[in-house]
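Protein chains: 4
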Amino acid sequence: MTTFDDIVPTLDRLAIEVPSWAYGNSGTRFRVFSTPGTPRTPQEKIADAAKVHELTGLAPVVALHIPWDTVDDYAELRRFANDHGVDLGTINSNTFQDDAYKLGSLTHTDAAVRRQAIDHHLRCIEVMDATGSRDLKIWLADGTNYPGQGDMRARQDRLHESLAEIYAHLGDAQRMVLEYKFFEPAFYHTDVPDWGTSYAQVSALGDKAFVCLDTGHHAPGTNIEFIVAQLLRLGKLGSFDFNSRFYADDDLIVGAADPFQLFRIMVEVIRGGGLDEGSPVALMLDQCHNIEDKVPGQVRSVLNVQEMTARALLLDRDALGKAQDSGDVLAANEIFMDAFYTDVRPALAGYRESRGLPADPMAAYARSGYQAQIAAERVGGQQAGWGA
Amino acid sequence: MTTFDDIVPTLDRLAIEVPSWAYGNSGTRFRVFSTPGTPRTPQEKIADAAKVHELTGLAPVVALHIPWDTVDDYAELRRFANDHGVDLGTINSNTFQDDAYKLGSLTHTDAAVRRQAIDHHLRCIEVMDATGSRDLKIWLADGTNYPGQGDMRARQDRLHESLAEIYAHLGDAQRMVLEYKFFEPAFYHTDVPDWGTSYAQVSALGDKAFVCLDTGHHAPGTNIEFIVAQLLRLGKLGSFDFNSRFYADDDLIVGAADPFQLFRIMVEVIRGGGLDEGSPVALMLDQCHNIEDKVPGQVRSVLNVQEMTARALLLDRDALGKAQDSGDVLAANEIFMDAFYTDVRPALAGYRESRGLPADPMAAYARSGYQAQIAAERVGGQQAGWGA
Amino acid sequence: MTTFDDIVPTLDRLAIEVPSWAYGNSGTRFRVFSTPGTPRTPQEKIADAAKVHELTGLAPVVALHIPWDTVDDYAELRRFANDHGVDLGTINSNTFQDDAYKLGSLTHTDAAVRRQAIDHHLRCIEVMDATGSRDLKIWLADGTNYPGQGDMRARQDRLHESLAEIYAHLGDAQRMVLEYKFFEPAFYHTDVPDWGTSYAQVSALGDKAFVCLDTGHHAPGTNIEFIVAQLLRLGKLGSFDFNSRFYADDDLIVGAADPFQLFRIMVEVIRGGGLDEGSPVALMLDQCHNIEDKVPGQVRSVLNVQEMTARALLLDRDALGKAQDSGDVLAANEIFMDAFYTDVRPALAGYRESRGLPADPMAAYARSGYQAQIAAERVGGQQAGWGA
Amino acid sequence: MTTFDDIVPTLDRLAIEVPSWAYGNSGTRFRVFSTPGTPRTPQEKIADAAKVHELTGLAPVVALHIPWDTVDDYAELRRFANDHGVDLGTINSNTFQDDAYKLGSLTHTDAAVRRQAIDHHLRCIEVMDATGSRDLKIWLADGTNYPGQGDMRARQDRLHESLAEIYAHLGDAQRMVLEYKFFEPAFYHTDVPDWGTSYAQVSALGDKAFVCLDTGHHAPGTNIEFIVAQLLRLGKLGSFDFNSRFYADDDLIVGAADPFQLFRIMVEVIRGGGLDEGSPVALMLDQCHNIEDKVPGQVRSVLNVQEMTARALLLDRDALGKAQDSGDVLAANEIFMDAFYTDVRPALAGYRESRGLPADPMAAYARSGYQAQIAAERVGGQQAGWGA
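Protein chains in written order, with UniProt numbering: chain A, 1 to 388; chain B, 1 to 388; chain C, 1 to 388; chain D, 1 to 388.
Among the hints, a few may not be true.
[Claimed, not checked] In silico lysine to any residue, SDA-like type, Cα no more than 20 Å apart, as pairs:
id, chain 1, residue 1, chain 2, residue 2
1, B, Lys322, C, Thr109
2, C, Lys102, D, Val32
3, C, Lys102, D, Gln371
4, B, Lys102, C, Asp328
5, C, Lys102, D, Pro36
6, B, Lys102, A, Gln371
7, D, Lys102, A, Gly327
8, B, Lys102, A, Phe33
9, A, Lys102, B, Gly321
10, C, Lys322, A, Arg367
11, C, Lys102, B, Gly321
12, A, Lys102, A, His120
13, A, Lys322, D, Arg158
14, A, Lys102, B, Lys102
15, D, Lys102, A, Asp328
16, B, Lys208, B, Glu165
17, C, Lys322, B, Arg153
[What the hints assert, rightly or not] Label pairs and their in silico Cβ distance ranges:
id, chain 1, residue 1, chain 2, residue 2, range
18, B, Glu126, C, Asp276, 44 to 50 Å
19, A, Arg13, D, Asp99, 42 to 48 Å
20, D, Arg123, A, Asp129, 57 to 63 Å
21, A, Asp129, D, Ala100, 32 to 38 Å
22, A, Asp6, C, Gly381, 33 to 39 Å
23, D, Gly273, B, Ser34, 53 to 59 Å
24, C, Thr2, B, Asp110, 56 to 62 Å
25, A, Pro9, C, Gly381, 54 to 60 Å
26, C, Arg123, B, Asp110, 25 to 31 Å
27, A, Arg13, C, Ala375, 46 to 52 Å
28, D, Asp157, C, Asp83, 17 to 23 Å
29, C, Gly356, A, Pro9, 42 to 48 Å
30, A, Pro9, C, Ser326, 37 to 43 Å
In case anyone wonders, no lab produced these hints; they're calculated from the structure.
Keep in mind that this is a model prediction, so the values were computed, not measured.
Built from N, CA and C at the ideal position, the CB exists for glycine as well.
When you get a sec, could you build the whole thing from the sequences and use the hints?
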């Protein structure tokens, strides 16, 4: 039997990277609703992220998005972050909001557009040098809407060429993670639609290239924890983009739509060494708080990951292995579910207090007055948002 | 055997309503790309729509969206349309772009918000009075993103109350059509997610309320032509929003993703009397030309509907009925496919010419210089787009 | 705050109907694996069901399937059941295993086949008279595999006629429940594919006809609890077929694939009065224990329903309503999740003991030696199974 | 412009492997309907397959399934086939119908079960030696139904070990093709669920291992032609299992559900060299004629592949490339659709006659009296079917 004490060392290691853009406005194609207190600068986003970490101890790193978080002095931004108790993490590139990229970026038929997209990534690597970031994350909006619109095969070849040039610029301690996505914003085909494509592409690059798994980027019915297990087995799982969804890429709070799925994913992460000391797997959030408040939305998100991680860690793997080996389907499932059904919330509250954190970070946030404060202070200027 | 001559009278009746917003910019949550020549006013949208009708003879009516097409004088707008050879059609309401509607409109917990949304629809009915429109089309973005966020049952009751008040204001010759949608922009639940809900709601209102079927608003694997058949059988199919999709509500050109599905839909429309003289079924487009040119995108769309309608009309229903009655599965399918596989394009080209229309409207548009003309003329001002 | 004591009266009312066929062999089209101890007669199935009830107190009624459970003397079978501490429940008809039904039953083009199918249902009503059953459950395999194979509209009309004749034979205290199913065994279209169709059909019959909702019979992404809420609102939810699935109609143990979904469904059942005294809603299981032992598979199933019902009953609806009314999305969701995350298993163990039941029915079953006993005794003869 | 004459050489090369089991009875888990004339022996299945080839010239090779087609003397069976004008092709293994395989075969926790499954494959290789078959096709039913039931990661490792042993026994001219499947008969996870897994596994084996793509084995919305393009690019597409589906693995006649999808797949096959002289890609059918007659069902299937191949070959790739390079979305799509919409049936009828084949093979089959003949002759004995 695993006890809560047994799992504390791993819980202590749990660190979730939060994305700067989660604090800005987001929405659907129909409407982006704005909210009082929304950050207007990268610094304000980092301040919000730091609040999440202050309350939870779970979010020590902030991922940036270029050009959304462009500043003149990244070393200065890093100091700002450090002063607020957090660090800068993954650099996310963006080749989907410039008119040139309407029909593609790294895969475009026009060499000049590919050049522009490659150069953008080279600049991102320069940012990484300044921020000390390890990972360059590439998510491509590339794809087509209509059959015949593009030559899917040639696009794949061009993708390899473009990635190879970017890869060649990575420093020794830097990595590339390539995200795949089933659909959207392209509807007929996307150029990196599945883990197999991302895996084939990064394998052709080398040891510093990995797959990024966004939990919302799969077809309905896909067994995501299987992909987690497979990529860990192949040594190519670089990072997660956590969120949840009911149907498409809804980008809801991780664990909100199907907490049991999040549990199963964490079980495989642990099984494959993804929470071991020195694990190469980065856990990130990638969500859109379209209608809920953003800072507590992020607090809720990292708590959800922590809670499901704790349950997954409590899984009695010895007993499970015995039931599996003996072919006892019902016993194996019961042992598995027992971990999921165990209410870890009281133990986690105590654990937090023992670390000088609030027992209930959501309540602590509500009490803190932070939301009212930022709503009062952040008036005027341009609220941050997708594309802003 | 049905010949092309036999189907000409029905083809002559075919009229497709085009939406004013199809001519404006649209996009995804990631980016709305702008295009030279995009209309800046309702009049420019109507001019574009009139061009589609001029080239195809298929699009005599333009649907408006309030408030996107708000003008001071709707009677004047109607004359403008008539002068351009088209008429004004369905009035589409909009309760998804005002901050008040963030958590709902006709279903909102707050009576003041419901009042605002109801009043908006009453104003739409006044517009209908001025434009002579028959149909008020209601698509609601109402729904929730998180389990527990709303009381789905109470929202359904409030929806009925709100609709009943709107319905009571309809004139004798006016109708309400209630659209359903599986998901988006709400992700956990939508308040009118399926035809059953729309049917239950409009049935509770009365004879002037109908269902609107948007072909992109279903779960994967849904047999849409079955729903068409069922709603026609129940006397409650009011209108179509045509488009196509590969996965979600992609709003691609109708027939682009699965032409055989469009064929099957038209077969059921015809089977159920939907193209008969005096049919209550309005055929509309509802698409987003995110990356392709908008006017020829609409031309292609109405041509696709015409082509699949022609194939569906050519179906040898006598032979089909015999094969069905005898249980000859392969023969019945072969007769069905024979209609689909018949290349009606040459006959339709001749048909168009006999009506004084260009044989190839796409080529005629390219030759017309219209695209270059509007790109040159429509400079400055605010391009129309979703929300603009 | 709701306490466990508050919910005990409702828990006491909870009764789940178990299907006789769950105790027989089942499988996929690829293979039906047989198991030692599988029943060979309706009596042995009832004995197994009685064991489930003995251990859980949750399964006092056994649903029968005709002709699989055909006996000469149904009154005698009822006495047998009563002697074992259970009662006979819903009668399930079967029009999918006779060669005549290859292309349909109640919807068939051939009047003779429809006659045969109608007569089968009339015989089922006679069985109901003898067993004292209230409900006749109709699930139809009717549908087509290829476009054009059948006239969907005419089949719908014939379905109405057939159902109307059957309905006319129902006694005053008897009901018909019509199940819908998205696909399988027909692949192109099924004649009752969705709740809307079932609702339209039963509404055309009268007050004694209801919809049966099988939780595995929906398209991916369908919000099932919404349908529950809607059907309860419309007064037409007659019964549930509980099971769970990852992708298709997997017929796995209820709650196994997505326990949170089962929780949400129970929340809406309670919200709509489905567990009130005198509720018209029958809760049934419909599962296939393809690889796990069948009796403990059923024990696990009824326990899962009980556990999720307990959590759903603990939902603090007052607090939830306040959060919903104030538009506090995160608070409402947290209140909702708090009920789900509450580990009711210790309280339920105590509750069971207070009723003279084993605290852990799964362990009690394992200890009972029942599985070894039936494996030893039930040798020879024809094991029960789908179609046997 | 490509003319029909241009494509004749490729059409002449088109050869589709038909599966012996398509001529036997098949069905769903609910019912297997039997048909007069169904073969009772491997020889009768081959005779039926030969009839398909006689009428179409498209089906010169018959795939066998072991143990369903077990005979004492495979060399003799090969002569029988040759005498009937066809050859023997791919050998399909079967590790899903023995009681030992209930919880897995090549992935089973029990080494004795893995041994049995490996040995079965070694025997299949012996059959290949006798029949002169090139390909060993492995489709595994391995997987689990319940979370926790198995250790997915360890199963993947065991799969590799088992495959490696089988692979080591392949002759120089022999190949292994590993099929993947999204779900069924396992519902929670399958051990080879997607092309990525199959690709990773066969890549770890060597140059004689390839992926088999069954068109029905994907999640809804999956862009299958993209996978075709990718696997051809990676040099790992070994063979197709053609069929069609609306929702799950329906195994309907190829092209029946979505002819446009089949067209798009053939476009990518051609684009990637899959129909070139010496191509490593085997085109096979894998279907279940549950309700339609089997021999004409197979005739229809190979004709569908031929028709869509002809349309795909007619695609004006030069014009398409220009439109793609210029970013003209609508023009590219129109060129693409023009090929699809071209009615090749008259030209194909002439082509057939020029090869001494019936212009209309379906009609020729109906006239041939073959169906009545086999119905009269094949009386008594055990009809072939899945598992028979």
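Evaluated hints:
{"no.": "1", "hint": "Lys322(B) - Thr109(C)", "verdict": "11 Å, holds"}
{"no.": "2", "hint": "Lys102(C) - Val32(D)", "verdict": "9 Å, holds"}
{"no.": "3", "hint": "Lys102(C) - Gln371(D)", "verdict": "19 Å, holds"}
{"no.": "4", "hint": "Lys102(B) - Asp328(C)", "verdict": "12 Å, holds"}
{"no.": "5", "hint": "Lys102(C) - Pro36(D)", "verdict": "14 Å, holds"}
{"no.": "6", "hint": "Lys102(B) - Gln371(A)", "verdict": "19 Å, holds"}
{"no.": "7", "hint": "Lys102(D) - Gly327(A)", "verdict": "10 Å, holds"}
{"no.": "8", "hint": "Lys102(B) - Phe33(A)", "verdict": "7 Å, holds"}
{"no.": "9", "hint": "Lys102(A) - Gly321(B)", "verdict": "49 Å, violated"}
{"no.": "10", "hint": "Lys322(C) - Arg367(A)", "verdict": "19 Å, holds"}
{"no.": "11", "hint": "Lys102(C) - Gly321(B)", "verdict": "18 Å, holds"}
{"no.": "12", "hint": "Lys102(A) - His120(A)", "verdict": "16 Å, holds"}
{"no.": "13", "hint": "Lys322(A) - Arg158(D)", "verdict": "17 Å, holds"}
{"no.": "14", "hint": "Lys102(A) - Lys102(B)", "verdict": "30 Å, violated"}
{"no.": "15", "hint": "Lys102(D) - Asp328(A)", "verdict": "12 Å, holds"}
{"no.": "16", "hint": "Lys208(B) - Glu165(B)", "verdict": "13 Å, holds"}
{"no.": "17", "hint": "Lys322(C) - Arg153(B)", "verdict": "16 Å, holds"}
{"no.": "18", "hint": "Glu126(B) - Asp276(C): 44 to 50 Å", "verdict": "45 Å, holds"}
{"no.": "19", "hint": "Arg13(A) - Asp99(D): 42 to 48 Å", "verdict": "45 Å, holds"}
{"no.": "20", "hint": "Arg123(D) - Asp129(A): 57 to 63 Å", "verdict": "60 Å, holds"}
{"no.": "21", "hint": "Asp129(A) - Ala100(D): 32 to 38 Å", "verdict": "58 Å, violated"}
{"no.": "22", "hint": "Asp6(A) - Gly381(C): 33 to 39 Å", "verdict": "51 Å, violated"}
{"no.": "23", "hint": "Gly273(D) - Ser34(B): 53 to 59 Å", "verdict": "41 Å, violated"}
{"no.": "24", "hint": "Thr2(C) - Asp110(B): 56 to 62 Å", "verdict": "27 Å, violated"}
{"no.": "25", "hint": "Pro9(A) - Gly381(C): 54 to 60 Å", "verdict": "58 Å, holds"}
{"no.": "26", "hint": "Arg123(C) - Asp110(B): 25 to 31 Å", "verdict": "56 Å, violated"}
{"no.": "27", "hint": "Arg13(A) - Ala375(C): 46 to 52 Å", "verdict": "48 Å, holds"}
{"no.": "28", "hint": "Asp157(D) - Asp83(C): 17 to 23 Å", "verdict": "53 Å, violated"}
{"no.": "29", "hint": "Gly356(C) - Pro9(A): 42 to 48 Å", "verdict": "45 Å, holds"}
{"no.": "30", "hint": "Pro9(A) - Ser326(C): 37 to 43 Å", "verdict": "41 Å, holds"}
The earlier numbered hints that this structure contradicts are 9, 14, 21, 22, 23, 24, 26 and 28.
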